[in-house]
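A.B. asks: Residue-level listing of the chains:
There are 2 protein chains.
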Amino acid sequence: MSQTPSPDPLELSREKSRDDYSFDGLTGWQKYRVLRPGRGMYHDVKRRLPYYPSDITDALTYRVIASTIRMYFVNLLPAIAFTLDMYRRTGEFYGINEALFSSALAAMVFSILGAQPLTIVGITGLIGLFNYTIYDIVVIYDASVYPQVMAWTGIWAAIFHWMVSFWNLCDYMRYVTDFSSQSFGMYVGIIYIIKGVEELVNEFTYGSRAGFLGCLIAMLYFGTIYGLEKLGGSTVFKPWFRGILADYAYVIGTLFWVGFSHIPGTLKDTDLSYVPVVRAFHPTQPRSWLIDFWNLDATWVFVSLPFGFLVMLLFYYDHNVSSLTAQARQYPLKKPGGFHWDFFLLGCTTFVAGLLGLQLPNGLVPQAPVHTDSLTVYETELKVISTEEGEGAEIRRPIVRAVAVVEQRLSHFLMGLAIIGTMTGPLLTVLHTMPAAVFAGVFFVVGWGAIESNGMLEKLIFLMSEDRFIQRDEPLLTIQKRKIWMWIGIQAVGVAVTVAISQTIAAIGFPVLITALIPLRTAVLPKIFSRKELQVMDDLTANSETVLASLGGAPTLPENIRADEYGLERRYSESRRGVSRQRSGSLH
Amino acid sequence: MSQTPSPDPLELSREKSRDDYSFDGLTGWQKYRVLRPGRGMYHDVKRRLPYYPSDITDALTYRVIASTIRMYFVNLLPAIAFTLDMYRRTGEFYGINEALFSSALAAMVFSILGAQPLTIVGITGLIGLFNYTIYDIVVIYDASVYPQVMAWTGIWAAIFHWMVSFWNLCDYMRYVTDFSSQSFGMYVGIIYIIKGVEELVNEFTYGSRAGFLGCLIAMLYFGTIYGLEKLGGSTVFKPWFRGILADYAYVIGTLFWVGFSHIPGTLKDTDLSYVPVVRAFHPTQPRSWLIDFWNLDATWVFVSLPFGFLVMLLFYYDHNVSSLTAQARQYPLKKPGGFHWDFFLLGCTTFVAGLLGLQLPNGLVPQAPVHTDSLTVYETELKVISTEEGEGAEIRRPIVRAVAVVEQRLSHFLMGLAIIGTMTGPLLTVLHTMPAAVFAGVFFVVGWGAIESNGMLEKLIFLMSEDRFIQRDEPLLTIQKRKIWMWIGIQAVGVAVTVAISQTIAAIGFPVLITALIPLRTAVLPKIFSRKELQVMDDLTANSETVLASLGGAPTLPENIRADEYGLERRYSESRRGVSRQRSGSLH
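Chains as they are written, first to last, in the UniProt record's numbering: chain A, 1 to 588; chain B, 1 to 588.
Just so you know, these hints were derived from the structure itself, not from any lab.
Some hints could be false.
[Unchecked claim] Computed far set for chain B versus chain A, every beta-carbon distance over 12 Å: (1) V45; (2) T61; (3) G421; (4) S453; (5) I490; (6) Q503; (7) I528.
[Unchecked claim] Dumping the calculated DSSO-like pairs for lysine-lysine here, alpha-carbon to alpha-carbon at most 30 Å: (8) K383(B) x K459(A); (9) K238(A) x K31(B); (10) K230(A) x K383(B); (11) K238(A) x K230(B); (12) K46(B) x K483(A); (13) K527(B) x K483(B); (14) K46(A) x K31(A).
Please read these numbers as outputs of a predicted model, since none were measured by experiment.
Virtual Cβ for every residue (Gly too), placed ideally from N, Cα, C.
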């Protein structure tokens with residue numbers, strides 16, 4: 001499985017172009033981002049374009065096949081899961097055909113044109129939350145205008161996207177730290193778990209027999225995927241076999257439990273609900289694909305404006321964070337990304353999806369790093385640490401190293417083709433055989449993945465553990481426990497408020513809360529926490545050099561710590577255990 | 001929780017009396033065990049009697065309360081679980097009232113008169129297997145004689161028990177090694193899991209709705225107990241809190257999931273099956289307690305003789321192994337036991353239980369060590385091992401030490417009283433609220449406990465693991481992998497054959513197979529495996545000095561290894577991690 005990364009003849013030009021894009025240190029009118037529209041996009045394209053040929057030639061390796069299959073499942077299963085929820089809660093406006101169309105559109109655009117083709121774009125739970133909250137609002141007045149309102153929301157959102165990308169405003173993403181991105185990850189995880197439970201509750205509307213069987217399948221599905229992925233990360237079996245388990249956990253689990261639900265007899269006779277499908281390539285509702293957005297009262301057009309702004313705010317955070325985590329420092333990436341250009345593209349897909357009445361796609365937060373992970377060549381190294389117990393009693397620690405990443409466009413593109421294939425009649429019929437309960441299991445896997453590996457939980461376990469068994473060089477020991485409690489306490493309040501609001505009709509306001517965590521972190525927290533405390537507990541989410549190149553260079557936060565001096569805790573853990581393989585759903 | 005063990009003023013006399021009982025090295029007629037009947041029993045009583053007052057005075061400590069509650073659940077829940085199975089499969093002859101009566105009888109006799117009151121005696125799955133296999137045989141001819149046949153089986157079994165105990169034949173238990181006791185533990189674990197599945201399958205006879213809910217409750221019950229016990233063995237939380245979790249896992253889990261099944265609405269409306277009860281203190285069938293054993297054809301009386309012999313053979317192995325594991329070397333026991341005397345008592349309870357038509361009680365293999373464990377004062381010590389990584393990076397390893405055991409009779413006695421209390425009307429009504437699905441969960445917890453900690457599985461994981469991550473001083477590395485495969489292969493064949501036979505009408509023959517593993521080990525295996533291999537992989541099951549005192553001293557096996565030179569593997573593991581807390585169900 002060894003693989004030489006493509007040589008980098010353009011190293012020099014990249015170095016140069018990175019130096020080219022920054023607003024730091026400029027004076028006069030030059031320092032105002034909005035006065036130099038398109039500068040970020042121009043540099044993004046200029047920086048990335050030279051790599052385009054290698055994005056295709058680098059792709060001829062087995063990892064691309066494994067990655068395509070894994071991402072097809074990891075992208076499609078949650079998309080369908082969220083669509084089941086949206087379908088019920090938007091008067092059956094958004095269905096599977098829209099979900100597939102939207103996912104395929106996003107995959108085609110971003111795999112061919114994206115500056116960073118590693119960032120998978122698709123349907124998230126948050127856009128689902130958005131769509132049905134707007135439905136809840138619209139339905140109070142007149143449900144029939146919902147398609148047009150959503151079209152206008154998409155149009156406005158697209159316009160705001162283009163403004164943000166032309167005005168180089170993605171630069172502010174460099175101020176995002178783990179404080180807010182972990183809170184966001186926890187929020188997303190909790191929402192996923194809630195969606196899973198709701199899916200199972202819905203199963204009971206088909207009778208308690210279906211409900212109980214649904215719960216059973218969801219739990220066993222969760223156990224299967226979770227167990228296979230754990231096994232994949234253990235030291236049991238040969239490395240190649242473990243690799244297969246980790247790569248194909250979703251394939252194995254999904255095939256098995258879908259098949260299980262069709263075993264003739266008691267299981268088959270139970271009225272489980274299945275994925276609802278309509279005629280291939282047709283909208284779920286009897287309508288043409290293009291929404292007649294011109295038939296809408298001016299009042300509603302303007303009501304859609306704040307909706308569009310909020311969508312942009314959500315995507316600004318959600319898409320860019322997902323792109324950041326797909327390019328996190330733990331992956332030895334050689335090729336640069338481009339945040340401004342990708343956000344412009346996202347505006348385009350938002351525009352098209354809005355006009356066609358599709359779910360608006362954007363970067364998938366918990367799944368984004370899975371794509372990079374699936375393309376990463378890992379090697380489990382043996383680190384022998386001799387102890388005072390003498391020869392033979394050395395600690396033999398497995399250290400997982402990410403050796404190289406197969407950076408290319410083909411896996412993303414092939415996954416898109418597979419989704420287009422899924423839109424055809426025969427494969428739609430296959431989709432229809434999948435019980436909704438399996439998707440509840442998907443929610444649990446992805447949601448729990450985001451929670452289990454979350455820094456908030458890690459700190460909590462540290463605080464709850466018996467002190468004497470913690471190694472003395474653990475960085476968290478250098479700061480007061482009270483301060484750690486306070487840190488995760490503030491995070492928890494942020495998460496709790498956002499989760500709570502998501503259950504109400506005010507849910508569309510949640511992007512404001514999430515983005516508000518960034519200024520809270522930069523402006524307020526340095527006054528409460530010392531430099532040292534921030535250094536241990538926090539870390540820049542945009543922490544790799546290739547990433548910061550597109551964002552105008554490393555940020556300067558009030559506490560005045562150099563970008564590479566954050567994250568003592570994370571780096572301590574990595575030096576011990578190596579990087580952790582990215583299971584689907586885990587944010588860090 | 002510190003606790004000073006009672007001082008041992010009788011140390012000297014014990015030393016003396018241990019020397020007194022042995023047949024090794026004797027010559028002439030003196031060396032024949034059967035020619036000196038009752039010698040073992042005499043020494044057992046003589047050895048133990050001086051400790052009787054301290055068995056009561058030592059009991060005034062909190063551990064006895066925790067132990068009583070834990071054992072009440074760990075003894076009663078599986079007993080009821082097996083009875084549900086027996087009830088269905090013996091024409092509803094054996095019911096809950098019989099199970100409670102039998103358990104109470106055994107608890108009273110062994111807590112008051114037993115030489116080793118730590119050994120809990122009750123209803124096992126194997127006697128259930130026995131009872132319904134005999135039913136299957138009898139029913140071919142005439143179902144109505146079943147009670148009398150079982151009474152005679154009990155009578156014959158009692159007679160054989162008394163012969164074994166008077167003839168000092170329990171001595172041969174010292175030849176039992178982990179080879180056979182681990183195979184037996186694995187066999188028992190598998191039978192338990194099968195019983196759990198059968199219990200759930202039976203739930204489907206009440207409709208698939210009840211079946212699915214039953215599966216759900218069983219899985220969640222399993223997860224609850226397993227999770228709580230794992231948490232109890234971790235380093236999270238304060239030690240006293242972890243202790244509570246471990247002590248009361250069954251109480252918490254059982255109360256919660258029984259309550260869950262009664263939540264009004266969908267859950268309550270589901271037709272789960274509950275523990276069937278009849279009038280308090282009355283036999284399940286309309287009969288008097290005393291079986292009219294005198295009304296039986298002489299043919300059947302003699303047919304019952306081999307049944308009785310097989311029961312004795314089963315109990316010979318099962319009861320004595322359970323007693324051995326309750327007194328395993330890992331527990332710092334000060335007071336001696338007495339195998340001959342206890343087996344005599346077991347004959348008496350077998351006799352009485354046979355006449356009254358109760359399930360014959362005997363030592364509970366997977367649960368036996370749980371009683372000792374619940375009375376053990378553990379301390380989790382910190383072992384700091386410095387490494388080459390320098391100061392602060394020392395390995396901080398938790399080592400669990402068993403500091404002392406509260407050796408007394410009161411917990412066993414109080415548990416017996418609690419069982420008698422459960423026989424009354426009001427508490428029978430409480431029992432009736434328990435869904436059978438919870439008992440399927442009990443089967444899974446106890447069965448999986450016996451499998452998870454089994455040496456066979458440990459060796460298998462060793463064989464499957466990547467070699468380079470195994471510490472070099474691991475004793476299994478000193479022998480050929482091929483030989484380890486062969487060792488667990490032979491064990492696996494033994495287990496597979498016994499499990500297979502248990503599913504047929506020849507099931508009553510399984511004690512022969514199990515006891516045949518002992519001569520197989522002593523006579524055949526030393527020819528296949530080298531001294532070194534036996535030393536690493538095998539260990540005496542009777543491995544503490546207080547135990548061997550009653551069995552006539554340490555055995556001499558053909559490979560000629562000293563008793564304390566076996567078990568290199570086990571001792572290696574203990575030196576690393578300390579003893580493992582005995583979760584219910586784990587045999588070693």
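A.B. asks: Indicate, hint by hint, whether the structure satisfies it.
C.D. replies: Evaluated hints:
Distance check on V45(B): its Cβ is at least 45 Å (rounded) from any Cβ of chain A, clearing the 12 Å threshold; non-interface status holds. Taking the minimum C-beta to C-beta distance to chain A, about 24 Å, the non-interface status of T61(B) holds against the 12 Å cut. No Cβ of chain A comes within 12 Å of the Cβ of G421(B); the nearest lies about 35 Å off, and the non-interface call holds. With a closest Cβ-Cβ approach of about 17 Å to chain A, S453(B) is found to remain outside the 12 Å limit, as its non-interface label requires.
Remark: the non-interface label on I490(B) is consistent with the geometry, its nearest Cβ contact in chain A lying 23 Å away (cut-off 12 Å). Remark: the non-interface label on Q503(B) is consistent with the geometry, its nearest Cβ contact in chain A lying 22 Å away (cut-off 12 Å). Look at I528(B): its CB is around 28 Å from the nearest CB on chain A, clear of 12 Å, so calling it non-interface holds up. About 24 Å separates the Cα atoms of K383(B) and K459(A), which keeps this hinted pair within 30 Å; it holds.
Pair hint K238(A) plus K31(B) does not hold up; C-alpha atoms about 56 Å apart against a cutoff of 30 Å. Among the hinted pairs, K230(A) with K383(B) is consistent with the structure: their alpha-carbon atoms are about 28 Å apart, no more than 30 Å. Using a Cα cut-off of 30 Å, the hinted pair K238(A) and K230(B) holds, with the two alpha carbons roughly 28 Å apart. A C-alpha spacing of about 64 Å is found between K46(B) and K483(A), which places the hinted pair above 30 Å, so the restraint is violated.
With a C-alpha separation of about 13 Å, the suggested pairing of K527(B) with K483(B) holds against the 30 Å cut-off. Of the supplied pair hints, the one linking K46(A) and K31(A) holds, its CA atoms being roughly 21 Å apart against a limit of 30 Å.
Consistency note: the structure conflicts with the earlier hints numbered 9 and 12.
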